[in-house]
Amino acid sequence: MPAAACARAALVRVAVGCVALALSGGCRGGGDDIVLRMTSWQSPQENVLDRPAIQAFERAHPGVRVVNEPVSNQAEYREKVITAIASGSPPDVLLLDGIDVPSFADAGVLLDLTPFAARAGLALEKFFPNVLAMFARGDTVLAFPKGFSPVVYYYNRALFDAAGLPYPTDGWTFDDFLRTAKALTIDRDGDGTPEQWGTAVDRRFHTWQAMIWSGGGDILAPDGSRASGTLDAPASVRALEFLTSLAVVHKVAPRPNAFRAVSGNETRLFYSGRLALLPSGHWLIPNIKAQLVRGQLALGVVSFPRATDATAATPLFASGWAVPRNTAHRKLAVELAAALAGEAAQRQRLAAGLELATMPAVQADFAARDSLGLEAAFLRQVATGRAPWGARIARFREVEAQLPDIIDRVVIRHERVADVARDVARRLDEILAR
Amino acid sequence: MSDTARTTASDRTSGRTSTTAPPTSRTVTGGAVRWIVGACVMWALVSGGIVARTAANVEYALAAHEGRALVAREGRALVAREGRALVARADSVAPSTSARSRRVIASAPLSEAHAALSRFLGRPARPLDAQDRALVHAAWWRRAVSLPIKDRDEWEIIGAVALEASPWRPLGLPLALVAVAALLAIGLARRAVSRAAGDRAVSPALALARPLSVLATCSLGLVLLARGSVERAQALLPPATAIARFDALALPLPSAPLASLALALTLAAATAVIAAAGWAASARRRPADRRETLTAWGFLAPSALHLLVFTAGPLAFTLYVSMHDWDLLRVDRPFVGLGNYAELARDPLFWRALANTALYALYVPVSMALALGAALILDQPLKGMKALRAVVFLPTVVSYVAIAVVWQWMFNVDFGLLNFLMRAVQLPAVDWLGNPKTALVAVMIVSAWVQLGYQMVIYLAGLQGIPAHLHEAATLDGAAAWARFRHITFPLLRPVTVYLFVTGIIWSFQVFTLVYVMTEGGPVHATDVLVYRIYQNAWEFRRMGYASAMSWVLFAILLGLTLLQWRALNRKVDDAA
Numbered sequence: 036m037p038a039a040a041c042a043r044a045a046l047v048r049v050a051v052g053c054v055a056l057a058l059s060g061g062c063r064g065g066g067d068d069i070v071l072r073m074t075s076w077q078s079p080q081e082n083v084l085d086r087p088a089i090q091a092f093e094r095a096h097p098g099v100r101v102v103n104e105p106v107s108n109q110a111e112y113r114e115k116v117i118t119a120i121a122s123g124s125p126p127d128v129l130l131l132d133g134i135d136v137p138s139f140a141d142a143g144v145l146l147d148l149t150p151f152a153a154r155a156g157l158a159l160e161k162f163f164p165n166v167l168a169m170f171a172r173g174d175t176v177l178a179f180p181k182g183f184s185p186v187v188y189y190y191n192r193a194l195f196d197a198a199g200l201p202y203p204t205d206g207w208t209f210d211d212f213l214r215t216a217k218a219l220t221i222d223r224d225g226d227g228t229p230e231q232w233g234t235a236v237d238r239r240f241h242t243w244q245a246m247i248w249s250g251g252g253d254i255l256a257p258d259g260s261r262a263s264g265t266l267d268a269p270a271s272v273r274a275l276e277f278l279t280s281l282a283v284v285h286k287v288a289p290r291p292n293a294f295r296a297v298s299g300n301e302t303r304l305f306y307s308g309r310l311a312l313l314p315s316g317h318w319l320i321p322n323i324k325a326q327l328v329r330g331q332l333a334l335g336v337v338s339f340p341r342a343t344d345a346t347a348a349t350p351l352f353a354s355g356w357a358v359p360r361n362t363a364h365r366k367l368a369v370e371l372a373a374a375l376a377g378e379a380a381q382r383q384r385l386a387a388g389l390e391l392a393t394m395p396a397v398q399a400d401f402a403a404r405d406s407l408g409l410e411a412a413f414l415r416q417v418a419t420g421r422a423p424w425g426a427r428i429a430r431f432r433e434v435e436a437q438l439p440d441i442i443d444r445v446v447i448r449h450e451r452v453a454d455v456a457r458d459v460a461r462r463l464d465e466i467l468a469r
Numbered sequence: 066m067s068d069t070a071r072t073t074a075s076d077r078t079s080g081r082t083s084t085t086a087p088p089t090s091r092t093v094t095g096g097a098v099r100w101i102v103g104a105c106v107m108w109a110l111v112s113g114g115i116v117a118r119t120a121a122n123v124e125y126a127l128a129a130h131e132g133r134a135l136v137a138r139e140g141r142a143l144v145a146r147e148g149r150a151l152v153a154r155a156d157s158v159a160p161s162t163s164a165r166s167r168r169v170i171a172s173a174p175l176s177e178a179h180a181a182l183s184r185f186l187g188r189p190a191r192p193l194d195a196q197d198r199a200l201v202h203a204a205w206w207r208r209a210v211s212l213p214i215k216d217r218d219e220w221e222i223i224g225a226v227a228l229e230a231s232p233w234r235p236l237g238l239p240l241a242l243v244a245v246a247a248l249l250a251i252g253l254a255r256r257a258v259s260r261a262a263g264d265r266a267v268s269p270a271l272a273l274a275r276p277l278s279v280l281a282t283c284s285l286g287l288v289l290l291a292r293g294s295v296e297r298a299q300a301l302l303p304p305a306t307a308i309a310r311f312d313a314l315a316l317p318l319p320s321a322p323l324a325s326l327a328l329a330l331t332l333a334a335a336t337a338v339i340a341a342a343g344w345a346a347s348a349r350r351r352p353a354d355r356r357e358t359l360t361a362w363g364f365l366a367p368s369a370l371h372l373l374v375f376t377a378g379p380l381a382f383t384l385y386v387s388m389h390d391w392d393l394l395r396v397d398r399p400f401v402g403l404g405n406y407a408e409l410a411r412d413p414l415f416w417r418a419l420a421n422t423a424l425y426a427l428y429v430p431v432s433m434a435l436a437l438g439a440a441l442i443l444d445q446p447l448k449g450m451k452a453l454r455a456v457v458f459l460p461t462v463v464s465y466v467a468i469a470v471v472w473q474w475m476f477n478v479d480f481g482l483l484n485f486l487m488r489a490v491q492l493p494a495v496d497w498l499g500n501p502k503t504a505l506v507a508v509m510i511v512s513a514w515v516q517l518g519y520q521m522v523i524y525l526a527g528l529q530g531i532p533a534h535l536h537e538a539a540t541l542d543g544a545a546a547w548a549r550f551r552h553i554t555f556p557l558l559r560p561v562t563v564y565l566f567v568t569g570i571i572w573s574f575q576v577f578t579l580v581y582v583m584t585e586g587g588p589v590h591a592t593d594v595l596v597y598r599i600y601q602n603a604w605e606f607r608r609m610g611y612a613s614a615m616s617w618v619l620f621a622i623l624l625g626l627t628l629l630q631w632r633a634l635n636r637k638v639d640d641a642a
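The listed protein sequences correspond, in order, to chains E and R.
Just so we're aligned: 152 in this note's numbering is position 117 of the first sequence, and the numbers increase by one with no gaps anywhere.
Just so we're aligned: 202 in this note's numbering is position 137 of the second sequence, and the numbers increase by one with no gaps anywhere.
None of these hints come from the bench; they were simulated from the model.
Since this is a predicted model, take the numbers as computed values, not measurements.
C-beta: ideal position from N, C-alpha, C; glycine also.
Possibly wrong hints are sitting among the right ones.
Simulated DEER-style distance windows between Cβ atoms [what the hints assert, rightly or not]:
(1) E/Arg448 to R/Gly438: 31 to 39 Å
(2) E/Ser260 to R/Arg488: 49 to 57 Å
(3) E/Leu407 to R/Ala420: 45 to 53 Å
Only some residues are given here: those of chain E computed to face chain R with a beta carbon under 8 Å [stated by the list, open to error]:
(4) Ser138
(5) Phe139
(6) Val144
(7) Pro150
(8) Ala153
(9) Arg432
(10) Ala436
(11) Asp440
(12) Asp443
(13) Arg461
(14) Asp464
So that you can see chain R by itself, here it is in the shape it has in the complex (with noise of 0.2 Å):
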């Protein structure tokens, strides 16, 4: 076969034959290059970015720092004068470079504190008055940091420290360094590419794991250096005196800005990898395949990020703070490993929550029942059926809330609607919210009653989607009502109700609003739920780890029951099918 005239071994599988230019190794590392370059740019651009925001984060960190301990050695001098023991404050954030080239400090009162910082300046500062607003922080003025001083208590200001910046030094090596490490990568990649263009046996993948080890090494030597950096610059920084309550004040300094730069670089070397696999997955297809998955990556891009960071991540973190003793208010958060699974097994409310929930699942089938019923009615071509349809789905629509208190009022066993109704009948009034053996029924059927409308528009789409010639078909052979239904319309709305069944039973486990607002999990835990027990852990009694440790578990739930169910429904698609 030549190379000029072949065809693909795809086109062979599906019949086809068609001619198609064959993919030169020119064709196959410009397009590699231009990706390559791609994500190479995108990486220096992000790692810059993030870089230089963090560089000036620890150099504004490294200025404030200095600044306490400078009103912490200076105060000395003011304590003799004033009489009071002082503290400066620095909590805010402002872009900067670096500080400690020039310095000066202005005591009270804070007019002639002003006066000082206006000459340091060398413009002038805005006016001082008791409340001064430019002292309350330390604020940046161009490239110079001031520090309020203050007494003891943080009560008065009264003084200042001024620290001047001295422009691009500790930012200008890493970004030397992203840039060098791009360039690199980019001169290793467009070597290794048009290798593995020349020679098949390299995949193109094996020839971007070199360019990619470059870019990893980089961004492990930016946060080592920068680490290196920050301990520096702590080691020469003298350290706190006693007069100065940095123990209550001091900013995180080394650990926020560090972990910031490696979440950054390490999201900034994902970003390029990602990108990087999505070319290597495409690049032995033919052109038109690979532009194909690389636009699909492009649009599912913001998708993906927006899921890892919005789901995976906190998904992630919830399984880390469940193997901890975690109360948000306080900072010890000491591990505890499984421990906090281990106190679930033991918890008789956890046992119970669980049965309550697996017990209120069984609502769905009912209203599914329900549904279908409303939908095969409201699917008669009668006058007036689009109002009727609109009142059934209206629940759906509604607040839960205000379902909810509505239906507390029906279930009254001295003035609600339904107790009416049934002594009407001569029946007996029932508490329904306050029995345990029917509070949990009582939720259930509000539940049923709100999901009606929904289920029934999802099951009217189905039937509206029954070819109508298969009804005529069976009426002509002299099917009655019943047996159409049982062979003809029921079958084909097996992929809608098996639809209707999954997301029924998902959202049944993740019920919470009716049970909180209508009885707070009583009578006698009659309606306790895991959702309603991980609210009350997690924000009633602050125990986050516990309430984790039991998010986890329906989490386990959930996923094992989904599988289950999306298996029976590919087989009985297919079955349908």
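In isolation and in its complexed conformation, chain E is listed as follows (with noise of 0.2 Å):
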């Protein structure tokens, strides 16, 4: 064929191809099951424990077929559900951050679950009211609590039993926490450089937010509207120091590194028995249960230290399952909403030992059955629990992003707290005034 002929037949054919591509586009083809798509970050371990409520929800919606479809990486989890929202194709129920719900309110677009609740067969009244709190705007709320976890320090019962201190207990104050961890911080070479550490200051702000708490101060003002005149409060940059000082002055603790959780060190030297106390969530257990079950690492839970004129607070981290406004099956997504926020689910869920369940009456009967004792002190500090700022307001994560730079200031430069505390809050300042 010649060479312009086969062009011509080539042109043809992309023509062709275009037009009935046009119109096939207005065909809707599927099968007769009504799919309803759901999405999370959960771990493969995670959904495997969601397996028995969603099988319960499909028997008993014959013809309905939940297709689960998760994300295990975070980031990437909220750039796909934010994509999806945006071209209009979203799925019908979602997982969702605490630190999301200012933001997707704001958008409106997410379904207030207030009035169907009750005919999807969950009482609102059975979540812990602090938790669901979280998920609610005004009168709406957004999202059913799938799970939460207070901020805590984790410690190892070996390490105080051989330097013969008594276990700390909540409500103990920056100077206990002082004198313990310089109890534990040996160095027994004398190199210099500790081979036991007392403790750890981790620069990521959700780690050290419950200490500003305790110590008085805040990050930002009541409202949200700014951080000058709260960050750079005397309260809270004497938390700020305290909190520095355990590396800079006291070198109770090993310096903050920029490496990211999975493979920080101070999780490392916590679980080799070097670090005794650390600072994290509910969520540390999955990775250590089988030691802890096995008795190979022994640990406790006690809440942040406090200054002596103030109370300690710790945030409580939650997640919730949500409905986008304009899914296409409002009825059965909320019902399929429900069933995973409810108390077989969280019971099935509780196994995995990565958060607590949302359900007082859930969580008091799993740790009334915990013999390592741990659920009962997670279950104590619930009621010293706070809303994170991130499920306050919308720009939190600018907000946060920038926090992090205080400890390292501090650290690394050298810099003073109070000086540091002054700029980041005008930087603060205005982010929020945008």
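Two chains, each in its own frame: build the complex with the hints.
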């Protein structure tokens, strides 16, 4: 075939293809089943724990099929969900992190579940009120809480026993904490680098938010509009000075580094019995559950220390099942979300040890059966739990990105805490005013 | 010079003398007309297809709109009976023609609705149950649409509305217009090209202006017609009442179909223009050249289209986004003009990221020098070299995330391999990733390690392309190894060197994964680079407009660098030649 004819034929084929594509775009195929799409950032192990709830839901709704589309990386998950909502094809049920509640609520993309909870067989009164409040805006509830965790200090009982120290108790003070950390920091060979550390300082904000609160300070003004006057207030500066002094002045903590959690020095040191007090959440448990059960590791859980004139407080990090406002299957989606957040699903999920149940009765029951005593200790922290700033203001991700600079500048550059706090507060004011 | 035996100017220029058949007016006209007919037919096909598709959407939207209005009107009676407010929902798309000829209202209970719908359709409808599939959405059964009636909360289906379509009414006119426009354009083009072939003063491009203008006018007419139809239809429909929550449920009735129609017609017209331009460009050459040109255009078209749709299009769109306060989750995206660019100029973190990126790019010449050294060693005809080349190349094919995680461990201050080796030789341990002074260097080391294999392979290919007799002659003349490298090898590798430098710099400005996994831009923003900043603003802070502005600055920088380097490449290649 001549080249020109060949080119003409190719062009005609392209044109015919375009027309076919254009015409076929309007046809909607598909089988008889209604497909409900759900998505989350849960790990494969957690997804397995949700299977019974999903299967029960499918049995109760013949002709309905639930397709789980998990994304195990939380950042990628967020990208996927935002893109799906923006493109008008959201999943029917999605897992919502507490930090995304304000921005999703402001954008009006989530369904108010309040009128439907009872119809879907879920009593909102059964949830921890302070956990449910994180997913509420006024009278509306935007997600059914799935699980949550306060941030606490884990302590290694063996190291306390070896040092002859009593175990710490809730309500202990900054002075108590420092004294304990010093006693547990041991430089056996005298080379200036301790082989065993008293505690750890993590630059990531979620690990030291509780320290600021327990020191009587805060990050932002109560209405979340500005940081100046709060972050650089004496109480906040005092808490920050105490925190950073652990690494800089008292040398009872290794210098915080820039690593991510998966390869963090601190957790490795803690697992290997070279660190006595580690700030973290319930999410640490799955990694060490086998050792705990076998008795290879003996841990305790205690609240954050407090300033003598303040009360201990800790943030509650929670996630919940939400339904996009423009889902095509409103009733089914709400019922699925309710099933996933329901009592049976929560009991099932507790086995993973990732988080606390959001229903007090379920968690109390689980704590009563926990021979290690950790669950009861976690349960005690709920009373002092507050909604983190991330669950209260929409721009908090931008705010949070600035906060590790405080630790870095004090620990690495040896700047004064008060100066750094003032400088960062000014930057936060600009972000919040935008 | 006679018409039947003349030497073309190009042949004279090239020194060739060939006698070619004269391009008679018949040949030119025949070829031109074939191409014009092809272009017009293509335009008609694509336009027709798009119009048909869009008309279906518009008709569906109209039917759904009317259905909702009907629910709102008729719902009052149902409300009185059921004591509940009603909404209707229709958000699926199906091919159809028209509606509004016949309608039926079916109300709860569902069994009654089912029976009514079956009667209306004249055939059994699918069985209904509490979670009836057919009524969850508006559903099309042949040319009828049914819409579920739900309570105010959209929780329960309590009835249904159905409308039957009447075929072809609105589709006929656009299709007829497309056909007439295509025929008219073909006629005009045939005449114009004939005239152009007879009159050498008239260029084929000018001759095509008239038929092209007809096509453009018709395209515009179609858009206006569609807009007018929709507006008229909207005007005829009863307004929504408060009983139905159209604010939450309404389809974007006029905008989406018209936007897609306008886009489609623009694309169709562009296709026709490109085809005609291709012909015009080739018409004045010899038939063989023309065929070659057209064939080349044919082969290039898919790539060009791909480039247009997936590169140039998004690029232009990011420019648009960069002038808005753009949040993916929000509908309101206010225009801010150059506000994002102005904010960039004031943002210290942006300048820090820019400086870090420029510093980071310095690893490129270092890794190139190492790669050249490795290539010189691995070019030796020794046993085991092939295996060694594979080993050096290996990092290039490994996932960046895996590399970053492994190097995180290597750099660890307490138990990392590097510090273990340093301690072994009595050097103090370095907190590679935790120290602002060393963190960027650490990332550069990893990048150099990753790039080494790729650059080595390219250098190896360059080395093996150098004729052996040049080295042999130099050796006979007494040149030492360094002299041979300096005066033969390196000059002849200049094109390879410039290529690696250009691509290396471009890649280095796009570094992201290593920074994201190893340091997240820290400590104290020591490894904050441009693409990481773009990512953070776009996806973590949802500031798409600001991130797009940054992307455009990065694009401008890379474009400038590329142009400079290509100029250098051309000069050096010329010098080397």
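We went through each hint and held it up to the structure:
1. E/Arg448 to R/Gly438: 31 to 39 Å: 38 Å, holds
2. E/Ser260 to R/Arg488: 49 to 57 Å: 51 Å, holds
3. E/Leu407 to R/Ala420: 45 to 53 Å: Hint holds: Cβ distance 51 Å, inside 45 to 53 Å.
4. Ser138: 7 Å, holds
5. Phe139: 7 Å, holds
6. Val144: Result: holds, 6 Å to nearest chain R Cβ.
7. Pro150: 6 Å, holds
8. Ala153: Not OK, violated: E/Ala153 not within 8 Å of chain R, min 11 Å.
9. Arg432: Cβ of E/Arg432 sits 5 Å from chain R, so the hint holds.
10. Ala436: 7 Å, holds
11. Asp440: Interface hint status for E/Asp440: holds (6 Å vs cutoff 8 Å).
12. Asp443: Since chain R brings a Cβ to about 4 Å from E/Asp443, closer than 8 Å, the hint holds.
13. Arg461: Constraint on E/Arg461 not satisfied, violated at 12 Å.
14. Asp464: 15 Å, violated
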